[in-house]
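Could you build all of it, start to finish, from the sequences and the hints given here?
Residue numbers (my numbering), protein chains in the order written: chain A, 163 to 415; chain B, 2 to 416; chain C, 5 to 322; chain D, 12 to 441.
To be clear, the hints were calculated from the coordinates, so they are not data collected in a lab. For every residue, glycine included, the Cβ atom is placed at its ideal position computed from N, Cα and C. Any given hint could turn out to be false.
[Claimed, not checked] Over the 10 angstroms line for every Cβ pair with chain A, so calculated as not near, a few chain D residues:
id, residue
1, Met214
2, Gly232
3, Leu363
[What the hints assert, rightly or not] Stretch-level coverage of chain C by chain B, calculated; a stretch enters the list once three of its residues show a Cβ under 8 angstroms from a Cβ in chain B:
id, stretch
4, 7-13
5, 32-38
6, 218-229
7, 262-271
[Claimed, not checked] Here are the simulated EDC-like cross-link-like pairs (lysine to aspartate or glutamate), alpha carbons at most 16 angstroms apart as the crow flies:
id, chain 1, residue 1, chain 2, residue 2
8, B, Lys307, D, Glu388
9, A, Lys235, D, Glu226
10, A, Lys360, A, Asp377
11, A, Lys355, A, Glu386
12, D, Lys427, D, Glu311
13, B, Lys117, D, Glu176
14, A, Lys355, A, Glu293
15, D, Lys347, D, Glu432
16, A, Lys360, A, Asp330
17, D, Lys353, D, Glu226
18, A, Lys216, D, Glu226
19, A, Lys191, A, Glu169
20, B, Lys117, D, Asp431
21, B, Lys186, C, Asp130
22, B, Lys117, D, Asp184
23, A, Lys355, A, Glu296
24, A, Lys191, A, Glu386
25, A, Lys181, A, Asp374
26, A, Lys234, D, Glu226
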Amino acid sequence: MTAAAIELRNLNKSFGLAKIIQDVNLEIKKGERHAIIGPNGAGKSTLFNLITGKYAPTTGQVLLHGQDVSGKKPFEINRMGLSRSFQITNIFHRMTVFENVRCGLLWSMGYKYSFWTMVNRQKELTRRTDEILEQINLTKRRDMLAGALAYAEQRALEIGITIAGGADIIMLDEPCAGMSMSETDLIVDLIRKVTESKTLVVVEHDMGVIFDLADRISVLVYGEIIETDTPERVRASKAVQEAYLGTTLEEAS
Amino acid sequence: MKSLKKFALGMAVAGLSATAVAAENVKIAFIDPLSGAFAATGTNGLHQFRFAADELVNENGGVLDGQMFEMVAFDNKTSPKESLTQLQVAIDQGIRYVVQGNGSGVAHALTDAINKHNRRNPDDQLLFLNYSAVDPALTNEECNFWHFRFDAHADIKMDVLTDTIAENEDIEKVYIIGQDYSFGKAVASAAVRMLAEKRPDIEIVGNELHPIGSVQDFTPYARKIVSSGADAMITGNWGSDMLGIGKAAIENGFSGPVYTYYGAADGITAAFGETGVGSLKLVAEGGNNPPSKPEAQEYIRAFKDKYPDGNISQARITNVIQMLAMAIDEAGTATDVVKVAEALEGMEFTDSLWSDNPLVMRADDHQLIQEVHILGHVPVEAPFDFDNSGYGMQYENSVVAAGEDLPMSCEMDRP
Amino acid sequence: MSLFIVNILDGFVTGLLLFMLCSGLTLIFSMMGVLNFAHASFYMLGAYFAYQISMFTGFWVGLIVAPIIVGVMGALIERYGLRRVHQYGHVPELIFTFGLALLIEEFVQFFWGRQQVPYNPPAALDFTAFAIAGNTFPAYKVFMIFMAIGLFLVLLYILTKTRIGMTIQAALSYPETVQNLGHNVPMVFMGVFGVGTAMAGLAGVIAGPVMGTFPGMAFTLGAIVFVCIVVGGLGSLWGALVASLLIGWIQTFAASYNLRMEDLLIWLGFEKPMLIWESPWQDLWTLTLPQVGPILPYLLMVIVLVLRPQGLFGKRET
Amino acid sequence: MSTPSTNPLTAGTSRLIPLNHALPWIIAAVVLLLLPVIFESRGALTIMNQMAITIVFALAYNMLLGQGGMLSFGHAVYMGLGGFFSMHVLNWMSDDPWLPLPVLPIFGGFFGLLFAFLIGWFSTRRAGTTFAMISLGVGQLVASMSIIIVTFFGGEEGISGDRTEMLPFFGWDFGQQQEVYYLTSVWLLIAALGMYLYSRTPMGRLANAVRDNEERAEFLGYSQRNVRWISFCASGFFAGIAGALFAINFEILTGENLNLATSGQILLVTFLGGVGFFIGPIIGAIVFTLLQTVLSLHSEIWALYVGILFVATVMFFPFGLTGLLALHVLPWKLGKIGYLVKPYAKMAIPGLVFVLSSAAVLEILFHARHAGRGDNEMTIYWWLTFDSHSPLPMIIGLVLAGVSAYALVKLVPGLKAAWDEATKMGEAGK
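Structure follows, in structure tokens:
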């Protein structure tokens with residue numbers, strides 16, 4: 163039996179007196195597409211940040227492939243095969259699209275902190291970068307400054323950077339935030355394509371996207387997970403409906 | 002109306018006058034600060050040199066067969082690096098004589114660079130006439146054939162200063178304070194050594210160094226000095242550090258004499274004003290305010306006419322100019338500096354302005370041996386005051402041929 | 005003991021003076037996110053303007069008029085200089101104020117020359133207030149203490165009792181709220197910059213006569229003011245007050261007590277070399293506390309930043 | 012401070028000159044080779060050497076500011092310490108030399124690297140203001156040390172040495188300026204090429220990434236602190252080389268090499284040139300050295316001009332002089348640079364008049380305030396002589412400045428229109 167991709171054990175996080183995350187336990191299996199939903203202020207982003215190492219837990223543990231990573235730095239967690247995107251677009255504005263993606267590849271291709279190899283001469287690096295650009299449909303924008311891209315393209319780039327390193331756990335924080343319907347469809351397709359056979363954890367407000375994409379859903383309310391189950395059962399759950407602002411999920415979406 | 006004419010004229014005769022004179026002149030490079038924190042001192046020095054060259058040499062027909070002295074100013078911003086750059090520019094212009102005075106650090110850099118240059122380029126050698134940098138090392142361990150010093154160095158001044166203290170039976174406790182660098186340390190160790198020799202009964206109640214140029218408030222130092230019960234204090238400070246420590250001490254209750262190396266002119270006399278009377282003392286060569294000789298009074302009047310904001314505060318500048326002119330005449334050449342240097346070595350010179358006693362450029366170490374005085378800060382009438390402040394410095398004590406018998410350690414290589 | 009008391013008082017004066025600068029700098033930083041490198045230059049301008057005015061009208065007019073002129077200049081510089089650079093981000097803003105500091109120093113030299121100008125305490129305050137064991141305490145320093153405390157009280161009143169003050173206070177703790185002030189934000193920025201620089205100017209007016217009025221006065225003090233607000237914690241007024249007093253006392257006491265490294269080394273069991281001036285360790289053996297006094301604040305700053313980057317009282321990370 | 016998109020400090024390295032080809036480097040080498048043929052005087056050689064040293068130092072500084080986004084107020088420390096150590100190495104070897112002089116900069120580089128490594132350990136943990144303040148503090152500490160630790164730094168007079176005492180190098184003992192010039196030039200090329208190539212390595216790119224967005228870099232497997240630390244070390248290394256070149260040229264190092272003024276100056280040089288470009292610091296160093304050495308010969312208030320120029324640059328051209336040039340790349344590529352010639356030509360005369368007359372006003376004011384009563388006559392621009400105390404020249408200066416400023420303002424819309432025309436692209440992007 164292999165260890166779960168991500169396992170959270172009695173995870174707690176407080177800021178001062180405010181308890182943001184309380185006793186969260188969760189197991190996400192390898193290859194699973196898992197969504198986290200919850201009303202505003204439920205602590206979804208905090209949970210994300212706890213898993214990816216931006217915050218250290220107050221108590222409890224985060225396990226990645228069975229290894230305890232609590233308190234490790236983001237870059238250390240990334241090196242263990244976890245990569246994330248951001249809710250607010252977080253790219254390298256003053257570098258070209260190509261360079262943005264290439265930055266995502268450098269560590270996984272073993273360049274580390276090299277200052278003796280010329281990046282432009284690395285054929286394999288360039289090939290893989292172009293491949294990813296192709297995947298995210300940004301080949302045409304290859305040499306533009308990332309900051310000059312349209313918003314939807316920046317979101318796509320964000321995902322491209324996230325998956326570039328070949329991490330087997332991908333965490334996306336509201337990948338469709340601020341997008342139009344048609345753009346959302348494109349992004350969802352893209353996500354499905356690039357996370358093939360990988361573990362995916364996604365936070366999203368757009369319920370259509372969630373039910374379309376996820377194998378299982380966790381519902382986070384006031385820092386507690388009140389339900390983790392398949393989309394159908396979550397949709398049916400009384401407890402979830404009550405907690406979720408007293409509305410039905412259809413309405414909420 | 003007159004100025005309008007001049008203006009128009011200036012616009013019309015584009016620069017004809019500027020180029021005509023140059024060829025025959027003996028050019029002297031003045032490498033000192035003309036911008037930056039010490040620009041005022043540097044500029045005043047330049048004015049004194051220009052005036053001395055015009056008044057004492059050029060008016061009398063110049064040197065040799067009518068060659069004029071021409072001061073060429075180079076701004077070194079008190080930086081050794083800039084000084085060396087400007088030195089190269091000066092050499093390019095065929096200049097053979099360099100005068101400098103502000104900052105022993107710069108003087109060390111220049112004497113070292115000129116020594117190297119003369120060794121590497123025997124065809125265009127030059128002389129360094131140091132008019133104010135007083136680190137004793139320059140004419141001792143680090144002396145060289147190309148360097149001549151016209152000011153009395155720090156040990157000579159301390160010798161005079163300690164003689165004065167030794168004669169004053171009222172002084173039993175002395176406080177020494179200085180800036181934390183080579184010169185401040187040299188002053189302190191000379192003071193301790195010489196006082197121990199001359200008046201073993203005097204107690205050094207304080208001997209300390211403070212960081213140079215970075216103390217904002219000297220009050221705590223003044224408190225220590227007052228609390229120590231000192232009867233006199235000695236300081237080698239200059240610039241704002243001089244002003245700071247002196248004013249703080251007096252204002253916080255110190256009433257004894259404050260013996261200084263640089264406690265006059267360059268704004269310091271003005272800033273002390275009435276406060277300094279009776280306390281502030283200076284050890285220096287050169288003139289009284291007002292000087293006794295009518296020629297000297299006339300000289301100062303003429304200078305103040307031309308530079309109303311300036312001071313004749315460095316009497317040695319006239320010595321540099323006059324002795325150089327004599328040496329060039331004696332050597333019969335202004336271009337072969339070895340000959341000129343040989344003429345300067347051991348030269349005896351009687352100054353027409355400040356002193357009746359002869360000055361001797363000691364051949365062994367190129368240190369000018371001269372009369373050195375202790376002067377006190379007193380009200381003085383214009384135009385013989387400093388900084389147009391109504392105050393100036395007057396002789397209290399004088400030592401002829403000061404420092405003649407001090408030990409020296411110069412081993413000079415001659416070409 | 006009496007020396008100790010006098011030192012406490014002297015350090016207090018220095019600390020309060022520092023605080024007059026720090027408080028303005030902190031206000032500006034909290035509201036606008038700008039570390040104003042040129043803050044001490046406004047202090048210098050205050051002293052020079054007051055000197056110029058005092059030549060015609062005496063000290064007291066200068067005391068009032070000079071800070072106003074400085075404040076207006078500050079406001080104009082914010083309006084036509086800083087605001088322009090603001091769009092490029094914080095680092096260019098810092099560089100702008102750095103350039104401004106250079107420029108103001110050049111301008112001061114341009115108009116008033118490079119020497120210290122004879123700017124003196126008014127005759128009315130030119131007497132000894134009291135003396136402790138021979139150490140006199142000038143009346144002017146008592147005046148400085150009252151001025152600084154007075155300014156502090158006014159500031160406290162404005163911040164806690166007026167509407168604009170409370171908004172500013174909110175902005176101190178929650179910088180992101182600045183945008184939602186509900187006021188004319190550019191006007192508030194200009195006002196804060198003007199008031200902050202005017203306070204620096206006032207500090208210059210009253211410090212000029214004792215600390216000396218010369219072109220280097222901004223440079224020597226400016227870096228120390230920076231140290232104070234960084235050590236106290238960027239954006240914290242109380243931190244600035246504590247750090248100012250702390251540094252005022254550190255500097256005073258470091259200059260006052262001749263602790264020698266020699267004594268420490270001997271106490272630790274080392275033997276002093278006979279010919280100290282030939283030992284490679286000469287500089288260590290001869291080190292005294294006053295020698296290192298002025299660098300203690302920097303040492304303090306580096307240590308604080310390494311151990312606690314938000315400063316002693318700061319809540320914000322820079 | 013992650014996403015100010017118009018931040019000049021986070022500008023990408025624009026390809027103003029295609030440095031990835033050999034040609035620009037060969038041209039640079041040829042120019043360096045020929046320069047002393049044209050400028051053969053000692054003064055010129057000294058100024059060129061000084062320029063070369065400033066270029067190396069400014070390029071090293073820009074590895075921090077431009078490429079790594081780190082604002083340092085104390086970078087003179089690494090150049091200075093590199094120089095001091097080189098000088099000690101030189102003196103230590105002078106009795107029994109076993110290396111030729113051209114090797115010395117390597118020592119300087121390694122000592123610069125060593126100190127950058129030690130200080131970077133704690134200073135690079137954070138970027139932004141914290142880094143800037145630590146650099147200021149460390150800078151002040153080291154500068155003060157230079158006065159306290161006399162055995163190493165030599166106190167006020169500094170330490171000096173004789174470069175000719177190393178082993179001769181193919182018969183050269185480097186006694187002559189020209190020999191030193193070639194040594195400096197070769198090292199300038201090596202260092203510039205080294206720094207350029209460095210910027211093309213994964214580390215160079217990562218420095219950019221961390222500058223733009225340190226958080227993102229952290230989630231890509233890179234420790235932002237390590238990236239900054241390594242950049243800092245690299246910058247210290249090249250600064251140390253500049254220090255050693257200084258030691259060779261001037262044969263003396265003093266506390267001046269370590270102080271805040273020197274650190275501030277390199278910031279000024281780099282920013283003036285333009286931090287977003289590799290060649291920015293080079294242009295900055297050339298312009299600044301010329302201002303410093305040539306302008307200061309002609310005007311006492313040269314530093315005031317430099318200050319005005321600097322503040323104006325920060326305000327109006329945050330991309331520096333190079334940024335100004337780079338703006339013209341687009342019209343050039345579009346073949347429309349000709350559109351700009353006319354408006355520029357129209358503005359040239361009022362522009363020149365404005366600069367000259369404003370400078371004249373400043374000079375007159377300065378002369379009137381600071382020259383003595385007997386010294387009323389002043390000369391500007393080599394041939395214009397008049398009485399500085401009479402109001403007329405001043406009025407003429409002010410009027411000229413006002414009129415030319417008015418003319419300039421009137422001409423701006425024309426330039427703007429031409430500019431829009433010249434930068435208008437076809438329907439396709441470039």
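Run through the hints listed earlier and report the numbers of any the structure violates, in increasing order.
Of the numbered hints, 1, 2, 5, 7, 11, 12, 17, 20, 21, 24, 25 do not hold.
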